[in-house]
Amino acid sequence: MERSLRAAAAEAYSTPVAHPVEHIQQNWLRDQLETKHYIMAQTYGAHLPMQIRMELDIFSQSKRLPGIRSSNIAAETILGRDETIDFEDYLGTPDMSETAVDFRAVLEKKYGVAPRNPLKSRVGGPLCAGNEIPRPNVAMARML
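According to our numbering, numbering within the sequence shown proceeds without interruption in unit steps and concludes at 917.
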């Protein structure tokens with residue numbers, strides 16, 4: 774029996790579940806949402822779960838700047854997670870980290886912008902005249 778390459782790769786690189794309870798915990802939130810949406814669809818009609826899914830998608834897309842953790846308070850309110858206190862709420866939060874985040878470096882990395890070397894001052898070397906940008910291996914008129 775031949776298997777596809779994708780199926781073989783998925784099987785080889787998937788993390789095996791050590792215990793059935795671990796599998797239940799990993800899929801708990803998804804199963805709860807599916808059950809809640811099924812009950813809403815049976816009670817109020819198919820439009821309500823569809824509307825909630827659209828709102829959840831919209832609220833999940835809004836992000837803060839890179840390096841700043843987004844609270845996603847609107848998405849958590851829709852999911853009902855604003856009424857509970859879990860270990861994710863107080864353990865391992867980036868704002869309690871020992872190291873400070875360099876926001877400029879994170880933004881440069883995200884957008885692929887290489888940091889430029891600042892122009893040297895009079896103490897460290899020649900200054901640019903006007904709007905001229907110093908080019909390597911080209912003498913400036915002022916330097917001659």
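Be careful, since some hints might not be right.
Restraint-style ranges between C-beta atoms, simulated for each label pair [said to hold, decoys possible]:
{"no.": "1", "residue 1": "R803", "residue 2": "K882", "range": "17 to 23 Å"}
{"no.": "2", "residue 1": "S777", "residue 2": "G853", "range": "35 to 41 Å"}
{"no.": "3", "residue 1": "G818", "residue 2": "I797", "range": "29 to 35 Å"}
It should be emphasised that the hints constitute simulated quantities derived from the structure, not laboratory data. Here the structure is a predicted model, which means the values were calculated and not measured. Even glycine gets a Cβ: it sits at the ideal position worked out from N, Cα and C.
Is 35 to 41 Å right for how far apart the beta carbons of S777 and G853 are? Because 39 Å falls inside the window, the suggested range holds.
Within 29 to 35 Å or not, the Cβ separation of G818 and I797? holds (30 Å)
For the range 17 to 23 Å, tell me whether the beta carbons of R803 and K882 fit it or not. The hint (17 to 23 Å, Cβ to Cβ) is violated, given that R803 and K882 are roughly 32 Å apart.
In summary, the structure is inconsistent with hint 1 from the numbered list given earlier, while agreeing with all the others.
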